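A.B. asks: Take the sequences, apply the hints, and build the full model.
For the record, the sequence lines run as chains A and B. Sequential numbering of the first sequence, starting at -16, is according to this note's numbering. Sequential numbering of the second sequence, starting at 964, is according to this note's numbering.
No lab work stands behind these hints, which were simulated from the structure alone. The structure presented is a predicted model; accordingly, all values stated were derived computationally and were not measured. Where a beta carbon is used, it is the ideal one built from N, C-alpha and C, also for glycine. A few of these clues could be false.
[What the hints assert, rightly or not] Covered stretches of chain A (chain B as the covering partner; in silico rule of three or more C-beta atoms under 8 Å from a C-beta of chain B):
# : stretch
1 : 33 to 39
2 : 43 to 51
3 : 107 to 113
4 : 117 to 124
5 : 131 to 137
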Amino acid sequence: MGIALALLGAASAALFAGIGSAIGVGRAGQAAAGLVTEDPSQFSRALILQLLPGTQGIYGLLIAFIALSNIGLLGGQVDTGMSVGTGLMYLFACLPMAFVGLVSAMQQSKASVASIGLVAKRPDQFGKSMIFPAMVETYAILALLISILAINGIPR
Amino acid sequence: MSVLPMKHMVICAKRQDRKAILEYLQRIGSVEIITHDVDETDAVFSRMDVSQSAQLFTKNAAQADKALEILAAAAPEDGSILSAFEGRTPITLEEYETNAKKRETTMKIVNDILRLDKELTEAKADVPRITTQIEALTPWSALDYPLSFTGTKKTSAFIGTFPEKLTEAEIAERLAGYAPDIEAVDVNIINSEDNLTSVLISCLKSDRNSIDDALRRMNFQRPPVSDMVPAAQVDAYKKERDAAIEKIDSTKEKIASYADKRDDIKFISDYFRMRAAKYEVLGTLEQSKRIFIIEGYVPAENAETLEGNLVGRYELVVDMLDPEPDEDVPVLLKNGPFAAPVEGVIESYSMPGKGELDPTTPVACFYYILFGMMLSDFAYGALMSIATFVLIKKVKNLETSMKKTLTMFFYCGIGTMISGILFGSYFGDAPTVIAKTFFGKTLEIPKLIDPLSQPMKMLVLCFAIGIIHLFAGLIINLYTAIKTKRYVDAVSDSILWMLLVGGLLLFGLTTDMVTGMFALNKISPAAGNVGKIMAVIGAVGIILMDGRESKNWFKRTLKGLYGLYGVTSYLSDLLSYSRLLALGLATSVISSVFNQMGSMVAGTPVVGVIFFILIFLVGHLLNLAINALGAYVHTNRLQYVEFFSKFYSGGGRMFSPFSINTKYYTIRDNADNK
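C.D. replies: Here is the structure:
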């Protein structure tokens, strides 16, 4: 039972953050494609802005990976007798990344779409346009940090 | 190292030299022309109306560009991957003159290409049009009369279609129903399809009107008229279509045959673009009957050479003035080879405003370190450095801005290599995995901190770098204030904050909460007391000084309290540096994922190794691309948001000299460099 809960935590980190990033990158991609139809030379800039909401998925993967490796599901000894308490600890530790990843990726994509619009009108302002989506990402990074610290703190 | 001082240059020269002088200034490209508002009342000086010529030149340049586009579609230019980075080709002044003489012939070629392209478009449109016509005639191919046939001397003929499938008997029956009094009618079905029956109906001339009437009621429709027998007409159309297809091919060939003139067209496009720019400047010059005046900003370091060259070449007077304090002087940065690459980062934020220092050097130092920590893999850094180094060395005529960007990533790669060694990452944990999978040995990579197993230690390091970064910002702020003799600002905006934040940090290191959390050694309580005192002095000072522009003491204290609230922003700034840890971990964990995936399939002999190599290559390239992007974006963010908020607001205008605004060529004038 404990190991199942721990796995649920690891999976949900990858799951929700991944969903968020998929939605975010998809949304920003539509705007990027629009910009490139108008001005093909903006492709690389549009691509960078499109990829910004994609990092949450990577952070989710990161947490899932650390959790899986700590509970021994990646090539180690699987602790089938893990207590429910420990399993719940893993589950809760993964939650910040799961939820903040989901929501921040979606919100970040809105900033990305707006920034792509900014680049469409003023290509010289690319440096600044990158910062607005990056501001949203801060919260995903903070959640990632807490998830990492929490998983590492769980006694083994 | 610095913002270059500028000179306000005024040239007064003879009117007949104006084009030569402008061309010279355009070629050397180190003067920004100043334009004034028009003074209509001036009796001596006036401006030329050059808009028509400028428009013509712009049009010619656009035509040449269009011709190049057409040419590229007909005969693609071959180029290596490296050529994507290549810049403009330098040509000598002599080559420029020779090519410029050929401009009439080249423009003829340009117009010829444009004409051919028009013909090509028409021919391309002809093919589907003719095909439609052929299709419309196909049902009639069995008819021996032209579609315009109306009958003989005694008879009338009706050629047309019914919108349904009918037999001859059915048609005759219906006709009889609508026109019962006719003597004789002959119905011939030429072609019959599901909902289309093509017929030839003949009758006596005397019955013509009643048949016509009956047919109209039966939804009889006449085909487009043509004077030829349908089969012959179809043949004629087919010939026409073949001719059009042939014309498409021959026109394409003709266009492609101009491929050897591509360089000439490129030149002419540049030539007219330069002339258009020159004429635009010409239109802003103050000219009298015999003389004209150019005003512009020149970097002071170039001023003397420029003056010498001008005086040596033309009869003129040059004045180099120091700009007035209220002038809007453009900003040009100059830095050494280590810092100059990040000038682009400053430019995309904002150029230094009045009295601000050029932040390039400190930004460069931290840029390479922060980027390195975020990517933090020796192999990735090495790949980046090697790739950019090869590009810098191998690509011909690299443009300055591209070279700067590449050099920046070269140094970032070095930073990444160093932090890769510190945190023991070489393609992630690839050495360990490879040693274990293929050689059955355990390999420990030496490292300073293992970010994955000691995240708190790593986090402390990140915060420490953050503190250094933030304090560096405050110190630059202090230095700028002292240099511009704003001593009160120096104390209240920099020193007090350093006292407050430094004091709080010192005090924090004596508390159980902080040291326990980060597993640090507590420092002595005496230092904590010093910290407390520092913080209190800082806080009180900020309350007193932050609202100093208000005269009212009550308002001033309130503003000061609000200013003190800004200390929370230091907390969030500091926490922001945790992204160094997060992004560094992202790189290493994802590389471990790929390494592990590779090692899972590596068991089977030979095939396993191939799969391992495949997964390894694809996985690490992907990881490098994604994380280099992340490192780039977040390094910029730390510089723009955390670092710049401490001392830099920008607002300067970038120096944009009057220069050759070309796409394909630059002009190298040996005489100019002397």
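A.B. asks: Do at least three Cβ atoms from the stretch 43 to 51 of chain A come closer than 8 Å to Cβ atoms of chain B?
C.D. replies: holds (count 4)
A.B. asks: Do three or more residues from the stretch 107 to 113 of chain A put their C-beta atoms closer than 8 Å to C-beta atoms of chain B?
C.D. replies: As far as the stretch 107 to 113 of chain A goes, the hint holds, because 6 residues have Cβ atoms under 8 Å from chain B.
A.B. asks: Count the residues of the stretch 131 to 137 of chain A whose CB lies closer than 8 Å to any CB of chain B, then report whether that count reaches three.
C.D. replies: Coverage by chain B holds for the stretch 131 to 137 of chain A (3 residues, Cβ < 8 Å).
A.B. asks: Quick check: do three or more residues in the stretch 33 to 39 of chain A have a beta carbon closer than 8 Å to a beta carbon of chain B?
C.D. replies: It holds: at least three residues are needed, and the stretch 33 to 39 of chain A offers 4 whose Cβ sits within less than 8 Å of chain B.
A.B. asks: Examine the stretch 117 to 124 of chain A for residues whose CB is less than 8 Å from any CB of chain B, and state whether their number is three or more.
C.D. replies: holds (count 5)
When the structure is compared with the earlier hints, no violation turns up for any of them.
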